[in-house]
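Peer 1: Single-letter residue listing:
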Amino acid sequence: MAREKEILLSNWESQIRKGTLDFIILLCLQRQEQYGYEMIKTIKSVARMNISEGTIYPLLNRLKKDDLITSRWVEMETGIPRKYYKITNKGLQALKDMKESWSQFTASLNRLSEEEK
Amino acid sequence: MKSEDFFKNTITKKIWNQYDQRLQHILRRTDKEEKKELLLEIKSHLLESFNQDPAESEEEKLLNAIDRLGEPEIFLRPLIADRYMTRASRTLSPKDVARGLYFSLFTGFKKAVISSLLGLGYILVFVLALMALLKPFFPNHVGVLLFNDGTITAGLGINSSGVKTDYLGYWVIPISAALAFLIYIGLTKYLHKVRRSRTRYRKEEF
Numbered sequence: 050m051a052r053e054k055e056i057l058l059s060n061w062e063s064q065i066r067k068g069t070l071d072f073i074i075l076l077c078l079q080r081q082e083q084y085g086y087e088m089i090k091t092i093k094s095v096a097r098m099n100i101s102e103g104t105i106y107p108l109l110n111r112l113k114k115d116d117l118i119t120s121r122w123v124e125m126e127t128g129i130p131r132k133y134y135k136i137t138n139k140g141l142q143a144l145k146d147m148k149e150s151w152s153q154f155t156a157s158l159n160r161l162s163e164e165e166k
Numbered sequence: 176m177k178s179e180d181f182f183k184n185t186i187t188k189k190i191w192n193q194y195d196q197r198l199q200h201i202l203r204r205t206d207k208e209e210k211k212e213l214l215l216e217i218k219s220h221l222l223e224s225f226n227q228d229p230a231e232s233e234e235e236k237l238l239n240a241i242d243r244l245g246e247p248e249i250f251l252r253p254l255i256a257d258r259y260m261t262r263a264s265r266t267l268s269p270k271d272v273a274r275g276l277y278f279s280l281f282t283g284f285k286k287a288v289i290s291s292l293l294g295l296g297y298i299l300v301f302v303l304a305l306m307a308l309l310k311p312f313f314p315n316h317v318g319v320l321l322f323n324d325g326t327i328t329a330g331l332g333i334n335s336s337g338v339k340t341d342y343l344g345y346w347v348i349p350i351s352a353a354l355a356f357l358i359y360i361g362l363t364k365y366l367h368k369v370r371r372s373r374t375r376y377r378k379e380e381f
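First to last, the sequence lines map onto chains A and B.
To convert a position in the first sequence, counted from 1, into our numbering, add 49.
To convert a position in the second sequence, counted from 1, into our numbering, add 175.
Chain A extracted, bound-state conformation (with noise of 0.2 Å):
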């Protein structure tokens, strides 16, 4: 019983993260540069999601379609090239929307989670 609440729970949180990744990785972007690699790891460990790590890759050409993110290749040292990503003034003004939809939708939330204690 207790097992299948978790997993209730797990696919549930999953469900919510996914939905919100395209947020999340605009989020990563407004603080700094980021390639690829290193914002699956951002997202892991700040947002604590466990998605497969190619997912980002058809929502970072999308956004960048949209034109809320730009990108750049860098040669490194290593020899690896690391293609780095940027918000663009769009994108700014996109995730400032997204964060007022998100606090006015979480507060709703919140008011209905309340009324129902």
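Check the hints yourself; a few may be wrong.
Below 25 Å or equal to it, Euclidean Cα-Cα: the simulated DSS-like pairs (lysine-lysine) are [claimed, not checked]:
#1 A:Lys139 to B:Lys368
#2 B:Lys236 to A:Lys93
#3 A:Lys113 to B:Lys211
#4 A:Lys113 to B:Lys210
#5 A:Lys135 to B:Lys218
#6 B:Lys210 to A:Lys132
#7 A:Lys132 to B:Lys207
#8 A:Lys114 to B:Lys236
#9 B:Lys218 to A:Lys93
#10 A:Lys113 to B:Lys364
#11 B:Lys364 to A:Lys114
#12 A:Lys114 to B:Lys368
#13 A:Lys132 to B:Lys364
No lab work stands behind these hints, which were simulated from the structure alone.
On the provided structure of chain A, position chain B as indicated by the hints.
Peer 2: What follows is chain B alone, placed relative to chain A:
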């Protein structure tokens, strides 16, 4: 980026090359430049992940990195579906439409429902086009037909005996052809709209 530059072990090189072949195969129909960039980015990710893996053996490190990255057939699917949909909405090519629908079917329930409905729509287009083509050769099998027993068949039928009235006659050819054309254009325009609304940033989602 060659495996020889990063791996010493033959087995590790083999694993890397096999993964590379899988990626090449999945991305074979994407644009040349885009394919090159995606391959480079995924390989760069794998090598970073490989370098930071705590495992002792080279092969184990690479296998762990591949495992964390996920199955490319799954994580690249939304991206490929998107590419085909974009191309299909531009070229109106049935081949691109079919490919886009095929890949979309595996990228989420909502998309699967939309894809299925669109798929049914395209089947209808195919049947209408077939009706227009087959009417001259099988006049008693195609059309809106009333049979002696009172049953009505609209479309393509196997039974041709006992046809009492052919309501549309040979008018079925231009009508079916026009309907097929209009539905095809309508569906493809809708496909374009769905694709655009999906890729456009919509703040109300948050």
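Peer 1: Against this structure, judge whether each hint is valid.
Peer 2: Here is how each hint holds up against the structure:
Proximity of Lys139 of chain A to Lys368 of chain B is assessed by CA-CA distance (about 22 Å); at most 25 Å being required, the pair is judged to hold. A hinted pair counts as satisfied when its Cα atoms are at most 25 Å apart, and Lys236 of chain B with Lys93 of chain A qualifies at roughly 19 Å. Among the hinted pairs, Lys113 of chain A with Lys211 of chain B is consistent with the structure: their alpha-carbon atoms are about 17 Å apart, no more than 25 Å. Between the alpha carbons of Lys113 of chain A and Lys210 of chain B the distance comes to roughly 16 Å, so the proposed pair stays at or under 25 Å and holds.
Among the hinted pairs, Lys135 of chain A with Lys218 of chain B is consistent with the structure: their alpha-carbon atoms are about 20 Å apart, no more than 25 Å. For a cut-off of 25 Å, the pair hint linking Lys210 of chain B to Lys132 of chain A stands: about 15 Å separates their Cα positions. The hinted pair formed by Lys132 of chain A and Lys207 of chain B meets the criterion: a straight-line CA distance of about 18 Å does not exceed 25 Å. Note on Lys114 of chain A and Lys236 of chain B: the hinted pairing is violated, with a Cα-Cα distance of about 33 Å set against a maximum of 25 Å.
With a C-alpha separation of about 20 Å, the suggested pairing of Lys218 of chain B with Lys93 of chain A holds against the 25 Å cut-off. With a C-alpha separation of about 24 Å, the suggested pairing of Lys113 of chain A with Lys364 of chain B holds against the 25 Å cut-off. The suggested pairing of Lys364 of chain B with Lys114 of chain A holds, with an alpha-carbon distance near 20 Å, which does not exceed 25 Å. Restraint check for Lys114 of chain A and Lys368 of chain B: the C-alpha separation of about 16 Å stays at or below 25 Å, so the hint holds.
Proximity of Lys132 of chain A to Lys364 of chain B is assessed by CA-CA distance (about 35 Å); at most 25 Å being required, the pair is judged violated.
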